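Turn these sequences into a full structure, and let the hints steer you where they fit.
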Amino acid sequence: MSMIGEYARLTPAELDRAVRDPDWVQEFVNELIEAELDEKPDVPQARCHDVDKAWHALDFLLRRITFPVDIIHGEKDLPQAEDWGYGPPRYLTPERVRVAAEALAITPHHALTEDVSPADLAEADIYPNVIWERGESLDYVTGHYQELVPFFQAAARAGDAMLIWLD
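When we follow my numbering, the leftmost residue of the sequence shown carries the number 11, and every step to the right adds one.
Keep in mind that a hint or two might mislead.
Claimed, not checked - Here are the simulated distance ranges between beta carbons:
| id | residue 1 | residue 2 | range |
| --- | --- | --- | --- |
| 1 | 127 | 12 | 21 to 29 Å |
| 2 | 121 | 145 | 19 to 27 Å |
| 3 | 169 | 52 | 15 to 23 Å |
| 4 | 21 | 145 | 41 to 49 Å |
| 5 | 12 | 149 | 16 to 24 Å |
| 6 | 26 | 156 | 30 to 38 Å |
| 7 | 118 | 89 | 33 to 41 Å |
| 8 | 62 | 135 | 13 to 21 Å |
| 9 | 125 | 48 | 38 to 46 Å |
| 10 | 116 | 85 | 13 to 21 Å |
| 11 | 54 | 177 | 19 to 27 Å |
| 12 | 50 | 78 | 30 to 38 Å |
| 13 | 87 | 168 | 20 to 28 Å |
| 14 | 22 | 132 | 40 to 48 Å |
Said to hold, decoys possible - Within a straight-line C-alpha distance of at most 16 Å, the following computed EDC-like cross-link-like pairs (lysine to aspartate or glutamate) qualify:
| id | residue 1 | residue 2 |
| --- | --- | --- |
| 15 | 50 | 157 |
| 16 | 63 | 135 |
| 17 | 63 | 16 |
| 18 | 63 | 149 |
| 19 | 63 | 124 |
| 20 | 86 | 26 |
| 21 | 86 | 105 |
| 22 | 63 | 143 |
| 23 | 63 | 177 |
| 24 | 63 | 157 |
| 25 | 50 | 37 |
Worth flagging that the hints you see were computed from the coordinates, not collected in a lab.
Fair warning: this is a prediction, and the values are worked out from it, not measured in the lab.
Cβ coordinates follow ideal geometry from the N, Cα and C atoms, glycine included.
Written as structure tokens, this is what we have:
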């Protein structure tokens, strides 16, 4: 089974309801995901997004450059939320989404991988280990990073919060 990093944009009202009713938000997000599977919106128009298995490498690389927001795991627990795959979801407030979007805008993808090799990720035991042990390109990770930029920027422009989980 794979571990996939997942995101869902929530309006402030939806976030407020999610905090009060975590069962509601799980059903709501599942409906958003299903709808977008059919519609296939461009990244900035999407309400949901995933970074596939790149989440752990992104976390490693963002922490390395002291990124100001935890955009991989979220920063606040969703109270009383159940496990959505590999733990309960967490979230970023609209303000933290804005801070993240601003930081993403000034952090080029090549800054993440400067002086880092696949061997460094393998040595750090970054998931999925096998691809780093094979020496595969870091383009997989930077490609997912480049999609996060417009996703977070669109969320920030809309004043949205972000729900984040591993599935």
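Against the structure, the hints:
1. Taken as a hint, the range 21 to 29 Å holds for the pair residue 127 and residue 12, whose Cβ atoms sit roughly 24 Å apart.
2. Distance hint check for residue 121 and residue 145: the Cβ-Cβ separation is about 22 Å, which falls inside the suggested range of 19 to 27 Å.
3. Distance hint check for residue 169 and residue 52: the Cβ-Cβ separation is about 20 Å, which falls inside the suggested range of 15 to 23 Å.
4. For the pair residue 21 and residue 145, the supplied restraint of 41 to 49 Å holds, since their beta-carbon distance comes to about 43 Å.
5. Range check, residue 12 to residue 149: about 19 Å between beta-carbon atoms, so the 16 to 24 Å window is met.
6. For residue 26 paired with residue 156, a C-beta distance near 31 Å keeps the hint of 30 to 38 Å intact.
7. Between residue 118 and residue 89 the C-beta distance comes to about 37 Å, which sits within the given range of 33 to 41 Å.
8. The hint said 13 to 21 Å for the Cβ distance between residue 62 and residue 135, and at roughly 19 Å that hint holds.
9. For the pair residue 125 and residue 48, the supplied restraint of 38 to 46 Å holds, since their beta-carbon distance comes to about 42 Å.
10. Between residue 116 and residue 85 the CB atoms are about 20 Å apart, so this pair conforms to the stated range of 13 to 21 Å.
11. For the pair residue 54 and residue 177, the beta carbons lie near 22 Å from each other, so the given range of 19 to 27 Å is met.
12. Distance hint check: the CB atoms of residue 50 and residue 78 are about 32 Å apart, consistent with the given range 30 to 38 Å.
13. Separated by about 23 Å at the C-beta atoms, residue 87 and residue 168 satisfy the suggested range of 20 to 28 Å.
14. Distance hint for residue 22 and residue 132: a CB-CB separation of about 41 Å, consistent with the stated range 40 to 48 Å.
15. Distance check on the hinted pair: residue 50 and residue 157 sit about 14 Å apart at the alpha-carbon level, within 16 Å; holds.
16. Note on residue 63 and residue 135: the hinted pairing holds, with a Cα-Cα distance of about 14 Å set against a maximum of 16 Å.
17. Restraint check for residue 63 and residue 16: the C-alpha separation of about 10 Å stays at or below 16 Å, so the hint holds.
18. Between the alpha carbons of residue 63 and residue 149 the distance comes to roughly 13 Å, so the proposed pair stays at or under 16 Å and holds.
19. Annotation: proposed proximity of residue 63 to residue 124 is violated, straight-line Cα distance about 20 Å (limit 16 Å).
20. About 13 Å separates the Cα atoms of residue 86 and residue 26, which keeps this hinted pair within 16 Å; it holds.
21. Between the alpha carbons of residue 86 and residue 105 the distance comes to roughly 13 Å, so the proposed pair stays at or under 16 Å and holds.
22. With a CA separation close to 15 Å, the supplied pair residue 63 and residue 143 stays within the 16 Å bound.
23. Among the hinted pairs, residue 63 with residue 177 is consistent with the structure: their alpha-carbon atoms are about 10 Å apart, no more than 16 Å.
24. For the given pair, residue 63 sits about 14 Å from residue 157 by alpha-carbon distance, which is consistent with the 16 Å threshold.
25. This hinted pair does not check out: residue 50 and residue 37 have alpha carbons roughly 20 Å apart, beyond 16 Å.
The structure does not agree with the numbered hints 19 and 25 stated previously, though it agrees with the rest.
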